[in-house]
Amino acid sequence: MKKTALIFGITGQDGAYLSKFLLQKNYEVHGVKRRSSSHNTYRLDDIYNDQLVKKSNFFLHYGDITDSISIFNLIKKTKPHEVYNLAAQSHVAVSFEIPEYTTNADALGTLRILEAIIKIDKNIKFYQAGSSEMFGKVMETPQTEKTPFYPRSPYGAAKLYSHWITVNYREAYNIFACNGILFNHESPLRGDTFVTKKVVKALCRIKFNKQKKLFVGNLYAKRDWGHAEDYVRAMWKMLQHNKPDDFVICTGKQYTIKQFINMVAKQLKIRINWKGKGIKEKAFDEKNNCIVECNNKYLRPTEVDTLKGDFSKARKQLKWKPNHDINSLINDMISYELNTFNND
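Residue numbers are given in numbering that gives the first Met the number 0: position 133 of the sequence shown equals residue 132, and the series is strictly consecutive.
Treat the hints loosely; a few may be bogus.
[What the hints assert, rightly or not] Label pairs and their calculated CB-CB ranges: (1) Lys136 with Ile68: 36 to 42 angstroms; (2) Tyr61 with Ile97: 21 to 27 angstroms; (3) Asn338 with Lys24: 46 to 52 angstroms; (4) Lys209 with Glu144: 42 to 48 angstroms; (5) Lys296 with Lys24: 40 to 46 angstroms.
[Said to hold, decoys possible] Straight-line distance between alpha carbons at most 20 angstroms, and here's what the computed PhoX-like set of lysine-lysine pairs gives: (6) Lys221 with Lys281; (7) Lys286 with Lys274; (8) Lys286 with Lys236; (9) Lys121 with Lys136; (10) Lys221 with Lys279; (11) Lys1 with Lys236; (12) Lys2 with Lys19; (13) Lys242 with Lys145.
Don't read these hints as lab results, they were simulated from the structure.
Just so it is clear, CB atoms sit at the ideal spot from N, CA and C, and this is done for glycine as well.
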């Protein structure tokens, strides 16, 4: 029997990759998008244009994670076997500016879905998109499923509520509900305001004289970066597991933002030289033009200095491991940007 999946947050990076993955698995895929006067489904364009995707397999519905009625009605209407909650206000820095909305979407949104599931059909399997930002001010390195949480942003705190309310509903109502504690995962489809996309896009533009300078915040924040394509596969594997559980998904490797910039520059054959210290540190090209500069504007009120995960549990129980390393991720992102230039 063909399975049906309902994806909240389908128009985002992960939603697009998960949709394609599930369609390849012959799922009927339903996605929830917010009503907008601007085009917000560009990440799904290749699904619409794929002649192999039958129109009877892919559907979009209007709804919102902050609206209980639309959530309830959509779950009742689509009768999904699996529900994936990828919807969120997902920008950490922005969560300090709109903490109430972030909490409403990222914390209470999960509660609304769980409530609908236990009222409509307790057999529905549920995936909650957690975040390594829940570890925040890390208590140990690397971080595992047993590492204590210490969020350092409204985003991290909201995701932590979602994590524990998912655990609570799993135990209270005996439903199949899983938390994926996903570390930073990037791709060509990443939003322009996220640091990896911002770096790749800016350096590509600088390379071809379309931009003069890139502004960043903390050069020495360390992150465990993976490819979204690998991570959506892990989401699906969690819901195929023999029991509901929580899993850290990561690469186990860590780089600073400065190292990431250097790796992107190297692939683009831009030779850069760093000068200065702290917020005054800058990168110069071969002609001694300043092309990377730090700015206080991009510093967070409370910083997460280091994140590095251990995916041993997922490797052992889910038979999952990442297929991409940092260099193939960067190559993928650069290729996309350069292709975008050529098509302009």
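Verify the proposed pairing of Lys121 with Lys136, using a straight-line Cα cut of 20 angstroms.
With Cα atoms ~36 angstroms apart, Lys121 and Lys136 exceed 20 angstroms; violated.
Should the hint that Lys296 and Lys24 are 40 to 46 angstroms apart at their CB atoms be regarded as holding?
holds (43 angstroms)
Checking one constraint from the list: CA of Lys242 to CA of Lys145, max 20 angstroms. Satisfied?
holds (18 angstroms)
Please work out if Lys286 and Lys236 have their alpha carbons no farther apart than 20 angstroms.
violated (50 angstroms)
Assuming the hint says 42 to 48 angstroms, is it satisfied by the Cβ distance from Lys209 to Glu144 or not?
Because 44 angstroms falls inside the window, the suggested range holds.
Satisfaction of the hinted span 36 to 42 angstroms by the C-beta atoms belonging to Lys136 and Ile68
Given about 38 angstroms between the Cβ atoms, the range holds.
Does Lys286 pair with Lys274 here, judged by a C-alpha cut-off of 20 angstroms?
Given that 20 angstroms is the threshold and the Cα spacing comes to 14 angstroms, the pair holds.
Regarding the pair Lys2 and Lys19, is the alpha-carbon distance no greater than 20 angstroms?
holds (14 angstroms)
21 to 27 angstroms as the expected CB spacing between Ile97 and Tyr61, which holds or is violated:
holds (22 angstroms)
What's the verdict on Lys1 and Lys236, does the C-alpha distance respect the 20 angstroms limit or exceed it?
Measuring from Cα to Cα gives roughly 17 angstroms; hence the hint holds.
Is the straight-line distance between the alpha-carbon of Lys221 and that of Lys279 20 angstroms or less?
holds (19 angstroms)
Given the hinted pair Lys221 and Lys281, is their alpha-carbon gap at most 20 angstroms?
holds (18 angstroms)
Hints 3, 8, 9 from the earlier list are contradicted by this structure; the remaining hints agree with it.
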